[in-house]
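Participant: Letter by letter, the chains look like this.
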Amino acid sequence: KAGVTQTPRYLIKTRGQQVTLSCSPISGHRSVSWYQQTPGQGLQFLFEYFSETQRNKGNFPGRFSGRQFSNSRSEMNVSTLELGDSALYLCASSLADRGREQFFGPGTRLTVL
Amino acid sequence: GESVGLHLPTLSVQEGDNSIINCAYSNSASDYFIWYKQESGKGPQFIIDIRSNMDKRQGQRVTVLLNKTVKHLSLQIAATQPGDSAVYFCAEKVDSGYALNFGKGTSLLVTP
Chain C
1 KAGVTQTPRY LIKTRGQQVT LSCSPISGHR SVSWYQQTPG QGLQFLFEYF
51 SETQRNKGNF PGRFSGRQFS NSRSEMNVST LELGDSALYL CASSLADRGR
101 EQFFGPGTRL TVL
Chain E
1 GESVGLHLPT LSVQEGDNSI INCAYSNSAS DYFIWYKQES GKGPQFIIDI
51 RSNMDKRQGQ RVTVLLNKTV KHLSLQIAAT QPGDSAVYFC AEKVDSGYAL
101 NFGKGTSLLV TP
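If you're matching them up, the sequences are chains C and E in order. Each residue of the first sequence is one higher than the last, beginning at 1 in our numbering. Each residue of the second sequence is one higher than the last, beginning at 1 in our numbering.
The reader is advised that the hints may include incorrect statements.
[Said to hold, decoys possible] Taking lysine to any residue and the SDA-like style, the derived pairs with C-alpha atoms no more than 25 Å apart in a straight line are:
| hint | chain 1 | residue 1 | chain 2 | residue 2 |
| --- | --- | --- | --- | --- |
| 1 | C | Lys13 | C | Ile26 |
| 2 | E | Lys42 | C | Gly58 |
| 3 | E | Lys104 | C | Arg73 |
| 4 | E | Lys42 | C | Arg100 |
| 5 | E | Lys68 | E | Lys42 |
| 6 | E | Lys104 | C | Thr14 |
Calculated directly from the structure, the hints in this document are not laboratory data.
So that you can see chain C by itself, here it is in the shape it has in the complex (with noise of 0.2 Å):
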C-alpha cells in the first residue's frame, strides 16, 4: 500500500506570496492532519480534516488554512508569506475508526525569501 505522499517536495517563495501544499493520504485513511516543522518550535499542530470538515485546528494565524475533498486529499494553504513561515510542513493521515496511529508523509520544505 502507498504511503502519504506530498507535493511538491520544496518550494521556495518570497515573503508576501501565497503558497498551496497538497497532500494524498494512505489509501482507505479519511483523516489527514497537517504539522509544521521547526528547528526552534518542533512539530506543531496546524488542522485536522475528517470527511472534508476541519474537526481540529491549531493556534496558527488565519494566514494559514486547508481544506479536504472528497477523496480525502488534502491541501494546505498560506497566504501573504512571511519570513518565519520557512518550515517544514508534514501531513499524516490515519484510519479514523480504528485507532489513532498517524502516519506522515515525507512533508514539503518551504522557504521564504
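Fit chain E to the known structure of chain C by using the hints.
Facilitator: Okay, now just chain E, sitting in the frame of chain C:
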C-alpha cells in the same frame, strides 16, 4: 500549561547497547501516546504507541513504558544499531480528535 517534553536533547550510545529515551508529559487527561522516529530528510515514522490503560507495550526491539503516577514515558531500544540513529519524538493525544502534541525530540547517535 499542558506540554510534552523530553529530558535529554541528545543521547549517544554504543552499537549493541540498549538505549532509553525519556519523555515527560503534564496533561493527566492524555490517554494515548506515540513514539516516532525521524531520520534526516524524512517524515516521522511511527514506532510504537501505548494507551493510558497500559503500563508497558513491546514491539520489535522496542518497549514503551508508561508511568502515569509521575507522568513519564520512556522508549527502550534493545541492541541499538547504527540504523537507529535519528531524532525520536514522543507525542500525546490531546482531545477527542487526532491532534498530537509533540515533544521537542531527542537525537540518538549510535557509535560503532
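Participant: Compare the structure with each hint and give your call.
Facilitator: Results for each hint:
A C-alpha spacing of about 28 Å is found between C/Lys13 and C/Ile26, which places the hinted pair above 25 Å, so the restraint is violated. In summary, the hint linking E/Lys42 to C/Gly58 is supported, as the alpha carbons are separated by about 23 Å, within the 25 Å threshold. Only pairs whose Cα atoms come within 25 Å are accepted, and E/Lys104 paired with C/Arg73 is rejected, the gap being roughly 28 Å. At most 25 Å may separate the alpha-carbon atoms for a hinted pair to count; E/Lys42 and C/Arg100 meet this at roughly 21 Å.
Using a Cα cut-off of 25 Å, the hinted pair E/Lys68 and E/Lys42 is violated, with the two alpha carbons roughly 31 Å apart. The suggested pairing of E/Lys104 with C/Thr14 is violated, with an alpha-carbon distance near 28 Å, which exceeds 25 Å.
Checked against the numbered hints above, the structure violates hints 1, 3, 5, 6; every other hint is satisfied.
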